[in-house]
Amino acid sequence: MKITILSGKGGTGKTTVSTNLAYTLSKKYKVQLLDADVEEPNDHLFFNVNVEKEESVDILLPVVDNDACIRCGECAKACQFGAITSFPNATVVFKNLCHGCGVCSMVCPVNAITEVPKSIGKIVLGKINDNLKFGMGLLNIGEPSGVRIIRQLKKHIDENVDVVLIDSQPGTSCPVVESLRNIDFAILVTEPTTFGLHDLSLAVDLVREMKIPSGIVINRDTGNTNLIDEYAKKENIPILLKIPFDREIAKLYSEGKIFSEYLPEWEEKFANVFDTIKGMVK
Amino acid sequence: MKQLAIVSGKGGTGKTTLSSSFGALLSPVVLADCDVDAANLNLMFNGKLEEKYDYYGGKKAIIVQNKCDKCGICKKICRFEAISFENEVYEVDQYACEGCNACVIACPQNAISLETALSGEYYYSVIDEQKEIVHANLNPGEETSGGLVAEVRKLALKKAEEKGKDIVLIDGAPGIGCPATSSITATNYVVIVTDPTSSGLHDLKRIVETVRHFRRDFGVVINKYDLNPDVSKQIENYCLSDNIEILGKIPFDELVEKSNLEMKPIVLYENSMAGKAIKEIFEKVMRKLK
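Sequence order for the protein chains is A and B. With the numbering used here applied, the first sequence has no gaps in its numbers, which climb one by one up to 282 at the end. With the numbering used here applied, the second sequence has no gaps in its numbers, which climb one by one up to 1290 at the end.
Just chain A, same shape as in the assembly (with noise of 0.2 Å):
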């Protein structure tokens, strides 16, 4: 089973239900936790992590060779990035638009381009407890996009293991529906404000693009909740779990602490979570 964690939004829960998730069910479970939040990764911040590998993150960036190079701005017409000029006496790589396609290389009529890797970010794989496996992607600095990094890091994916949660991107662009391909079940965090309810929409919008079943978590339930619960009824997605607005729970997580490691009784309430979650999936 694969569940991919959304928001819509930062900063409503996705690594505060990430990480609980995977530790209340790993006592249960073997489970992997991915976090492909690339941009900002937490989720390790929560762990212990044994780290086991890491590995570099490329895409090809071409070189041109100005001898050879004739001038003739083939592979400036077929740039769609605007990422290479040819000017009357170089041709020149704008290296932060290039999307590595290997588009100028292969129209070059005089094999003036060649390719070196460049590295854009980097994988960190590693093991939290036996039944608990990690892995996270973390996105260089002044780089454009980590859904290459999301890519590779899903192809670490264990398909041995019981559950595997993703911790995807904020928002609704493309990392996110990188983070989403392919798995079989969205948990949409969100938080009971008309923002929340917003950013909410957009992300059902998406899954429901993508044909994934989903279930909804509130977090900083003030018991104030009916607008979330109107529209989760209206649009018949269930509400998962809802997390109270609690100065303990939110002092924990500040602390880099899983609240439901020290407020046990939140344990059976994430497994009750996945069970719900196993009975939808069928």
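Hint data in this document are derived by calculation from the structure and do not stem from the laboratory. One thing to keep in mind: the hints can contain errors.
[As the list claims (entries may be wrong)] Only some residues are given here: those of chain B computed to face chain A with a beta carbon under 7 Å:
1) 1012
2) 1038
3) 1079
4) 1099
5) 1177
6) 1226
7) 1260
Every residue, glycine too, gets a C-beta built ideally from N, C-alpha and C.
Following the hints, complete the assembly by docking chain B onto the known chain A.
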């Protein structure tokens, strides 16, 4: 004309609390909500929609099936794993395709073409005589949010010039990737909002590096600093040792929750401790822009 950006590295630290308050205090102003994935600022100001624009982002490859002879060259050449072969048919995954054109060029049957895709919309709304806002909606699953952020900023600048407004306030996109960097390039000053959680400090370091990478002047605001004094201290120590100016600290204030529910910037509540702190930060930032 000055451009001021408010960013946070990560969502949920209180960026909208700060930017809506700055928006309320600034007059005249053009606001640019660059959080195009989940635009919230206009919800706070309830501007009246005046103009709407389509946003065409990247292109996507389309395979014409009756021309395809199933040679598989497109799948082999695509570096984005965007072409799948299932049920004897090659197909482009619209979410994975980056529109690079490699498959179009490589296809021996000329069965593939690139088509422009509608990726979202952006809007110009008027709040009152002194305030306007440019905001946007990116369609779910779109990749070109950095491009849409650029459009939002361009339109905000244009409106500011037309109406003779001196300042554009940018509510930045979260993260450190292309929408976030597209929110801070060529700004005059950047305010970074953080909060005292262990992840807050981790994210702060990454956004600081990013803002430095783009060589912008910046300062840091610690929101809800009294929720965890230990981590707040750690953040202050980090700023001190790294020569980063702390613009101010905002106390935890339950009125903020209320202001979010009532959709009214916190500085408009007279008794708010958080509002008072934000006003002081605002004055300091205005002096930076002079």
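Cross-check of the supplied hints:
no.: 1; hint: 1012; in the structure: holds, 1 Å
no.: 2; hint: 1038; in the structure: holds, 4 Å
no.: 3; hint: 1079; in the structure: holds, 6 Å
no.: 4; hint: 1099; in the structure: holds, 6 Å
no.: 5; hint: 1177; in the structure: holds, 5 Å
no.: 6; hint: 1226; in the structure: violated, 11 Å
no.: 7; hint: 1260; in the structure: holds, 5 Å
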